[in-house]
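So the protein lines, in turn, are chains A and B.
Anchor point for the first sequence: position 254 equals 254 in this note's numbering, and the numbering is continuous, going up by one each time.
Anchor point for the second sequence: position 30 equals 30 in this note's numbering, and the numbering is continuous, going up by one each time.
Just so you know, these hints were derived from the structure itself, not from any lab.
Please note that a few of the clues may not be correct.
[Unchecked claim] Straight line, CA to CA, 25 Å or less: simulated BS3-like cross-link-like pairs of lysine-lysine:
#1 Lys191(A) x Lys208(A)
#2 Lys446(A) x Lys41(B)
#3 Lys98(A) x Lys191(A)
#4 Lys99(A) x Lys209(A)
#5 Lys373(A) x Lys446(A)
#6 Lys302(A) x Lys41(B)
#7 Lys41(B) x Lys108(A)
#8 Lys209(A) x Lys108(A)
#9 Lys302(A) x Lys45(B)
#10 Lys209(A) x Lys45(B)
#11 Lys532(A) x Lys522(A)
#12 Lys532(A) x Lys41(B)
#13 Lys26(A) x Lys45(B)
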Amino acid sequence: MSAFTETLMEGNERAFRPETLTPMQKLTLRYVIIGLGYYGFAAIEGMILRIYAIEPIPLIGTKHYFGILTAHPLVGIFGSTYLLALGAFTFVVPLLMKKPLWSFRFAKWTLGLIAVGTFIFWFTDFIAHYAPLYTLYWPLPADFSQFGPLAGSIFISGIALVMVGTALWVINMFMTIAHTPSGAEPQPAGKLLASALGFTGLANLFRKKDARREHFVPLPVAAIARGAVDVALNTSVILFTGVLILVYMVAEMLGTSLKTTAIDALLYKNWFWWGLDLIADGLVLIFVAGTWYLLANLITGKPIFMQNVARAALAVELVVSWTVWSHHLLSDQPQPEVLKIVSGEMVTAFELFTQGLAFFITLATLWSARPLKMTNPLKFLLGGLLGFALAVPAGIMQADVGLNRILHNTQWVVGPHVHVAVLVGLTMTLYSAVYYLLPVLTNGAKLWSQKLATFHFWAHLAGGIGMGAFMGMAGLQGMLRRSIYTNDEFLPYMVLAGICGALLLAALAAFLFNIVMTVGLKGVVGIFRRGKGGVEVLVPATA
Amino acid sequence: MVDSQTVLWGQTLIYTLYALTIICVVAWVAYQLTRGHAPPKIPTKLFYGFVAFLVVTGISLHIVTYNTIPWSPQDLHRSEAQPDQVFEISVADHRFELPSNPITIQCDQEVLFDVTSQDLTYGFGLFRADSSMLFQMQVVPGHRNDLLWTFGENGVYTIHSTEYSGPEGIDMNVPNAVRVIGCEGASAETAEGTTP
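I would like the entire structure built from these sequences, with the hints used as guidance.
Structure follows, in structure tokens:
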């Protein structure tokens with residue numbers, strides 16, 4: 001067996017031994033592996049969409065194209081980002097709270113439901129092309145002249161499974177924060193929750209220095225708990241909407257066509273965007289801020305700069321994320337003007353403040369620990385910070401009554417705002433966490449190639465920013481999202497965006513290959529074998 | 001009158017400058033993080049100054065656009081307007097029904113597009129011959145969707161649905177559907193509208 005084949009099978013220097021992993025480590029690694037697998041799905045779909053924007057692919061018909069366009073963001077967010085983030089938090093919250101996870105079984109169900117639910121809606125789209133897009137603007141999801149009700153009901157059921165898994169995660173997180181482990185001293189559940197939700201931090205801002213209350217939970221746990229509130233609300237909205245759509249589909253299959261005019265399209269749009277924005281402008285920003293604080297703290301070993309302000313900002317974000325949705329309806333003329341101005345413009349502008357604050361606090365924490373070694377976690381963290389520093393102002397610009405008139409539904413929205421936020425801001429933050437947690441979760445596996453990790457960083461950063469920039473340039477020239485162009489109207493921009501997309505795919509391939517060579521194929525298989533030891537132990541005592 | 005092209009050009013310039021600046025700032029911070037020594041304390045004045053900068057920037061953006069983009073106040077106060085012309089347009093089964101084709105508009109007149117959908121959520125956008133967008137709005141079924149606009153240049157525009165309404169909606173175009181005439185110092189464009 002050559003050295004290469006041996007490394008491929010056994011991992012780098014045989015340092016990774018899956019039999020030493022605790023059940024919690026194995027479970028977290030399963031979240032990561034399946035999450036990365038779905039990221040691969042989303043990346044390949046994204047590349048197909050990029051090629052289609054250059055030249056429509058004859059093998060992929062219009063219905064299939066829009067099926068991919070429907071599945072792509074949902075697989076990316078639920079199948080990949082949710083699994084990566086929720087898996088990491090399932091490990092980190094007990095670690096930081098210094099007590100076991102409340103329910104290991106709930107954590108396993110969360111993984112199973114999200115993984116299976118994602119596969120169901122992806123596969124339904126692949127074969128049946130149910131394509132109302134993630135926005136589900138009423139009454140499109142119930143337009144049975146374009147979409148079959150059976151395919152639609154399977155698709156919606158897949159989404160519902162993801163939501164049930166997510167709801168279990170929310171319960172698990174709050175119970176883990178508040179519960180008292182068996183045999184331990186009783187813990188103050190109320191104070192723990194008040195601290196976790198940011199109320200203690202907010203109240204401390206108005207107390208004298210010597211009267212400030214102690215924080216019962218670390219700052220990253222507070223961020224996770226705060227984001228979990230938005231997850232819970234968002235889950236309720238999506239589940240309710242799914243049931244509503246299912247009612248129409250089941251009735252149709254039973255031979256009764258319900259009137260779609262029974263649902264007010266504008267009210268529905270407000271309701272649905274209120275829920276969806278709890279992801280885009282709520283939990284994502286909060287989880288990212290929490291992860292930045294955690295990584296800055298772990299990388300530097302120093303306390304977070306202006307911690308009380310950071311905690312209070314988490315509580316303020318409660319108000320922001322619940323009242324921000326109307327920026328998606330600035331081009332809806334029947335939408336009340338007061339909602340456009342207050343929610344659409346002013347509250348949205350406040351995100352510049354909350355996210356800018358997290359950006360500054362993280363950089364200041366890093367700065368306070370100079371000189372630092374430019375490790376993989378640090379460079380990816382800086383990439384994540386840059387991503388949001390680019391994407392948030394782009395979003396604030398389009399959340400303006402005047403500018404939205406000429407930007408809404410253009411490639412500007414999905415390029416410099418959405419894809420730079422998700423691919424550069426969010427994904428690089430997640431990569432930073434993955435690189436940091438890799439030795440912790442694997443009991444000391446050694447990264448196979450630093451050169452590949454460096455290539456991964458630069459290719460992902462350049463590919464993500466470049467793709468967003470070229471999509472944005474096309475958008476400013478009038479190129480719409482969710483449309484098909486066949487006359488080469490925006491060809492130069494789309495070719496350049498396609499090259500950047502290929503760079504992103506190459507970065508992912510380099511990263512996955514590096515990880516496989518680090519833990520070995522046998523190691524990957526071993527992660528899915530039953531673990532030994534108690535589920536209450538996070539890492540082995542010797543690790 | 002300020003044209004949407006001018007506004008987009010301004011946005012391109014401002015955002016590009018901002019993007020290059022923030023990339024340089026993060027690159028500089030990354031470089032400095034590996035050098036030097038930790039400062040005794042990061043001044044809180046710097047922090048609060050940054051916070052104030054963010055608040056001022058966020059709010060002033062909307063004040064600036066309201067006072068410089070002509071269609072912003074026009075749109076927000078359209079219920080009080082007395083338009084010179086009103087065009088009632090209906091959309092159903094992925095097709096636009098226009099009062100006439102082309103719709104002819106006199107330069108500098110305030111016109112109202114009143115668009116209603118009979119079934120799905122659509123978009124209503126006007127595009128120049130080079131595919132660039134003049135404006136757009138959403139068309140929500142069961143509601144009045146009205147947009148007030150003043151055309152300051154002669155031209156021929158294509159109507160295109162700017163919202164996805166299912167795979168059958170990808171061909172929702174009416175080429176050369178709007179013709180603006182009568183502007184002084186310019187001849188009417190006759191170029192064919194493009195089809196996204």
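### Message
Run through the hints listed earlier and report the numbers of any the structure violates, in increasing order.
### Response
Hints 2, 4, 7, 8, 12, 13 are the ones this structure does not satisfy, whereas the remaining hints hold.
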